[in-house]
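Peer 1: Listed below are the residues making up each chain.
Protein chains: 2
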Amino acid sequence: MTRAEENYIKTIFHLGGNQAQLISTNAIAEQMETKPSSVTDMAKKLADKNLLNYIRYKGVSLTDLGIKTALSIIRKHRLWEVFLVKKLDFTWDEVHEVAEQLEHIKSEKLIDKIDELLDFPKYDPHGDPIPSKNGDFQERDKQLLSEMPIPSSGVCVGVKDTSAAFLKFLDKHHIALGHEISIVEKEAFDDSLKIRIGGKELQISNQIATNLYVKVE
Amino acid sequence: MTRAEENYIKTIFHLGGNQAQLISTNAIAEQMETKPSSVTDMAKKLADKNLLNYIRYKGVSLTDLGIKTALSIIRKHRLWEVFLVKKLDFTWDEVHEVAEQLEHIKSEKLIDKIDELLDFPKYDPHGDPIPSKNGDFQERDKQLLSEMPIPSSGVCVGVKDTSAAFLKFLDKHHIALGHEISIVEKEAFDDSLKIRIGGKELQISNQIATNLYVKVE
DNA sequence: ATTTAAATTTAGACAAATCTAAAAATTTGT
DNA sequence: ACAAATTTTTAGATTTGTCTAAATTTAAAT
Ligand SMILES: [Mn+2]
Ligand SMILES: [Mn+2]
Ligand SMILES: [Mn+2]
Ligand SMILES: [Mn+2]
Numbered sequence: 001m002t003r004a005e006e007n008y009i010k011t012i013f014h015l016g017g018n019q020a021q022l023i024s025t026n027a028i029a030e031q032m033e034t035k036p037s038s039v040t041d042m043a044k045k046l047a048d049k050n051l052l053n054y055i056r057y058k059g060v061s062l063t064d065l066g067i068k069t070a071l072s073i074i075r076k077h078r079l080w081e082v083f084l085v086k087k088l089d090f091t092w093d094e095v096h097e098v099a100e101q102l103e104h105i106k107s108e109k110l111i112d113k114i115d116e117l118l119d120f121p122k123y124d125p126h127g128d129p130i131p132s133k134n135g136d137f138q139e140r141d142k143q144l145l146s147e148m149p150i151p152s153s154g155v156c157v158g159v160k161d162t163s164a165a166f167l168k169f170l171d172k173h174h175i176a177l178g179h180e181i182s183i184v185e186k187e188a189f190d191d192s193l194k195i196r197i198g199g200k201e202l203q204i205s206n207q208i209a210t211n212l213y214v215k216v217e
Numbered sequence: 001m002t003r004a005e006e007n008y009i010k011t012i013f014h015l016g017g018n019q020a021q022l023i024s025t026n027a028i029a030e031q032m033e034t035k036p037s038s039v040t041d042m043a044k045k046l047a048d049k050n051l052l053n054y055i056r057y058k059g060v061s062l063t064d065l066g067i068k069t070a071l072s073i074i075r076k077h078r079l080w081e082v083f084l085v086k087k088l089d090f091t092w093d094e095v096h097e098v099a100e101q102l103e104h105i106k107s108e109k110l111i112d113k114i115d116e117l118l119d120f121p122k123y124d125p126h127g128d129p130i131p132s133k134n135g136d137f138q139e140r141d142k143q144l145l146s147e148m149p150i151p152s153s154g155v156c157v158g159v160k161d162t163s164a165a166f167l168k169f170l171d172k173h174h175i176a177l178g179h180e181i182s183i184v185e186k187e188a189f190d191d192s193l194k195i196r197i198g199g200k201e202l203q204i205s206n207q208i209a210t211n212l213y214v215k216v217e
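Chains D and B, in that order, are what the protein sequence lines are. The opening residue of the first sequence carries number 1 in our numbering; numbering runs sequentially from there. The opening residue of the second sequence carries number 1 in our numbering; numbering runs sequentially from there.
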């Protein structure tokens, strides 16, 4: 598989094309910052290779082989992210760009050894689950901070937005995975939240709250 | 720079195009298992980018920028090889293929951190020197086993042929870098050598002796 | 000094991945 | 139900890197 093909498969998986759900060429084009006509061309090619089902004017969905392929790439991406953070002291906002390259390295032994070196991690630096060698993975029981009852509390276990800008914002306010977060009150006017984290109170906008995952205990 | 461009620059460097010496398109084509006409096309492109000097019908030589680029790629290749052996338990015959991919990962921070993790190694698993971050590197004082006086002895410090077949042959006969090798006698008929390594005597062909480097003490 | 052989370049073609502009199909609105 | 708007596909072009076959230049041999 070429790098371009792998990127299409991965994107379609992330857009939810893992089951019967059809993903439109427009949605793929927007996500990949390319043109719909390019997506159509690639859809035909990937359908020929039995990686996805392509229904003209309707969209695409991944085949079992496509899903397996996507999980393999995502596994590599997330393991490399863990490696960069744990072994090379990268910050969680720096890893994605490099992992986008490393995920395409072709060597089963390499990624299995990296997995072993890291002691078989279950989650990446952003709280996303890492598929196992045979492709199964358990999505963590979590919910958005914005959807929690008030008052309540939980442990921060993931981020929805993984942009460097958002991650750096969280660093600045000392919000990190594993931290206990208590929701003190919600401001009805703008849905902002007063939270308590690390012994301090903090006011966060709804935009922040809709991008932070917590696990209820 | 594209991957193809990087591979051309690296190959030309290895063929000796670092100085005034002109490397023929044929030599490059043979080394890269491609056609001379393809090399000509690429030579024009790389000359436009000021990475090499191209003289029609004569050959190419790297510019200072080209040399700097080549050293950067070789540095990455060899550091990744050390990483694979030291941190992931790859054998020295397995690393080259994977390093051919990893050498193209674009992240200065990544390779510098790998360098640091490995404690700034000076040589790769095959005894080849690793260029420093600023591009200088010291070729080790070494000579081919076949060119040593008889009798004499030295420490095995490198291999000329780095093919998996040759490396596995050395493993089989327990010849590894760092081992002391004594030359006992040379067979005039076929230039084979009787050597002593690890307390045992061994008869090796001239083909082996012309691919093993030793350092005289 | 010609002729012959070898090396090198040019011309034209092709596959991969992308784009723009135009055509076709689908969806939406009334 | 039908026109308008939107989505999607097709057709044709472009870039990168490669190839084959033919032409050109250089090197070797008589
Ligand atoms: Mn990522
Ligand atoms: Mn991640
Ligand atoms: Mn190598
Ligand atoms: Mn090496």
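Just so you know, these hints were derived from the structure itself, not from any lab. Do not take every clue at face value.
As the list makes no split between identical chains, a pair holds if one copy fits it or if it spans any two.
Stated by the list, open to error - Here are the computed lysine-lysine pairs in the DSS-like style, where the Cα-Cα straight-line distance is at most 27 Å:
(1) Lys168 <-> Lys122
(2) Lys109 <-> Lys168
(3) Lys35 <-> Lys86
(4) Lys44 <-> Lys68
(5) Lys106 <-> Lys168
(6) Lys194 <-> Lys68
(7) Lys113 <-> Lys172
(8) Lys109 <-> Lys172
Peer 1: Which of the stated hints cannot be reconciled with the structure, identified by number in ascending sequence?
Peer 2: 3, 6
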